[in-house]
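Asks: Protein chains in written order, with UniProt numbering: chain A, 1 to 398; chain B, 1 to 398.
The hints are all genuine.
Identical copies look the same in the list; a pair holds intra-copy or inter-copy alike.
Below, a list of computed lysine to any residue pairs in the SDA-like style, where the Cα atoms sit at most 20 Å apart:
1. K48 x T58
2. K257 x P290
3. K254 x P264
4. K257 x E298
5. K254 x R274
6. K257 x K291
7. K252 x V295
8. K282 x P259
9. K252 x P264
10. K291 x D301
11. K245 x G203
12. K252 x T275
13. K257 x V295
14. K252 x E298
15. K254 x V295
Bear in mind the hints are in silico, worked out from the structure with no lab data behind them.
Number of protein chains: 2
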Amino acid sequence: MQVKEYIISAPGKAILHGEHAVVHGKVALAVSLNLRTYLRLQVTSGEKVFINMPNIHTFLSWDLTELQSLVTDTTVNYSSTTELDTSLVKRLRDFVGIPDGTTDTGGMAVLAFLYIYLSVFAHSESLPSMTLSVWSELPTGAGLGSSAAFCVCLATALLSAQGTISSPLTHQQDTARWSEEEMELINRWAFQGERIIHGNPSGVDNAVGTWGGILRYHAGKITPLNRVPMLRILLTNTKVPRSTKVLVAGVKDKINKFPSIINPVLESVDAVSRTCEDTLTKMEAGESSPKHYSVLEELIDINQHHLNVMGVGHPSLDTLCRVTLARGLHSKLTGAGGGGCAITLLRPDTDGSLIQSTREDLKECGFDCWETSIGAPGVQQHSPCSVKEDIMEILNSY
Amino acid sequence: MQVKEYIISAPGKAILHGEHAVVHGKVALAVSLNLRTYLRLQVTSGEKVFINMPNIHTFLSWDLTELQSLVTDTTVNYSSTTELDTSLVKRLRDFVGIPDGTTDTGGMAVLAFLYIYLSVFAHSESLPSMTLSVWSELPTGAGLGSSAAFCVCLATALLSAQGTISSPLTHQQDTARWSEEEMELINRWAFQGERIIHGNPSGVDNAVGTWGGILRYHAGKITPLNRVPMLRILLTNTKVPRSTKVLVAGVKDKINKFPSIINPVLESVDAVSRTCEDTLTKMEAGESSPKHYSVLEELIDINQHHLNVMGVGHPSLDTLCRVTLARGLHSKLTGAGGGGCAITLLRPDTDGSLIQSTREDLKECGFDCWETSIGAPGVQQHSPCSVKEDIMEILNSY
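The shape of chain A in the complex, shown without the other chains (with noise of 0.2 Å):
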């Protein structure tokens, strides 16, 4: 007999443009970041269940009577993906020992992985045993929408190997992906887990991890774009932690001191999105060129000055913007700023040693810096000779 095996990665998450203004009813892209999280699922025989998760160093294992043990009639008859179970989270929150408001990343993803388990085969006959693996290319707690990504890999081999949704791999595939509609029940069961880990989360974080691509976030409505390009971008983390919330609040407090200085920037911020998406919507249609090119890397430029009138650059966000600027190329922050992460863009054509030029002056300035992509597909199936070796040696390990 053939071991059940499934093998998914989805992305992490950029924001091109919008973000902060988003928050002011301003449109805001939020394109995918082609740094993946991994996950493969071996559906076993023994009656146990296994989690490794070595990038957080956490590796659990529960016997299923331990587990079956939690499932209640409510359980079963509750599971639904509009409204997170509260009993089931508390109940798994003392069956694993994680006091409330503690919100280590370890415990959360466990949470996630429990909720979204019991939840996905409460319907079943009896809980299945299997061995997960989960090796992730991007940095927690980096507003890179790692814990989505992760909770996308969840659902997806969840619901797959519970049948609630296709094992879309065919044997010529080196990839593959589901429809429309399963991919909608993906992302709402994504959605449960980004809720255990976030409170609450905006969404487009696993939206981005399921779609992939590019998508327009507007007043609560996220909406995947069609044909979009894919952009090569360095992706680079200045480590300068930061609070997004201290920083959220921040801009507000600008707005009330200054209304009408600060409220025609967000007006600027929302016509670089519909500038931006328009540029990207004409570049698939065949008519890429340096000209579009250039258009986005003078958005870029606006606004990254935007966001630091709005108070959430950082000394090292600027000494980033200037080195890769010495090297022609254009940067700005993503996500929440006052440190983080930076996205520059790259060109079809930009050189190769450039990049690593590019890359060795930002590595001296302290900075984490990987050479990826926006824009790439979301949750995928893969092969296991589809997948990186290295990636696939760490999956393979446990």
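Take the given structure of chain A and dock chain B to it, following the hints.
Replies: Coordinates of chain B only, in the frame set by chain A:
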């Protein structure tokens, strides 16, 4: 008999907020810059007129008979400040030997002098002999209103010598100023000089040179603000050459390219100017506090970002802002941008040694730097002992 002598000074000009936006109907604040041009006029008994401008290496003299030959009936009848007597300008160009189109500083200054001299004295029985000496603390061609300060001094000294306006200085005074009506006349004659030198000036520079303080400039209307504080600043010249015309055209192009993005930025700049005006008014009303200085600093930072968005920044200006911010001081470009000059706000309690170190940092960048103030008085008559010794020495040496 006592030799009639007039010592006059007028300040330069900086733009505090609103450069470029003013071209598109927004409010700008023009401020006097306490780097001054000094002029000494002595009515002599010889039959000659001497003008000595050591800054620009221009030393000329004419016989009164030569000059008298330039006065025609038209000059006498025309002598007006509403329109320029273009036939007189043409005769003066021929007389001095300046071909049409030449804009050399010395030549233009001489043209402006001769035009105002002949026009002001056209109604007199005969032209008076005199010696004028001019010394300026202002660099020329740096967008700091050096030509306007010169024209204001010229107009004031010549109108005083002719008796059209008073000579307000009494024996007990160090400095004195004129009535509002007299300043109107000074300003109109200075504007004629500016027209000769610049062709189509806005009139802001001569207004600042005349009234000093802070002027609001909006939709072609210039309004001196009552009761504004003097602010200590560093004035830095990056010495990066730029073309105001090219920069103005660049902003226009950017508005045409991204109207929905750039127009709100101009709105925001307008609000920066208005907020600054309100803050300065409050400060002069006696409420001046560190809180007000914080607002002024924030406005400077915001506007500098906006000017970058408009595309009139320059790496030299980025360096300047970074160098001063490292000392806790806030800077923005002033005027056309693309290099040129910048202002750095100093607080009343900014330490002398910190100012000294900052000036040294800026000089190490290859910039010229002056410690001065904005909002200083406009045109003044001076007693000899009220003028700095070194300047008086220069003026007396001719």
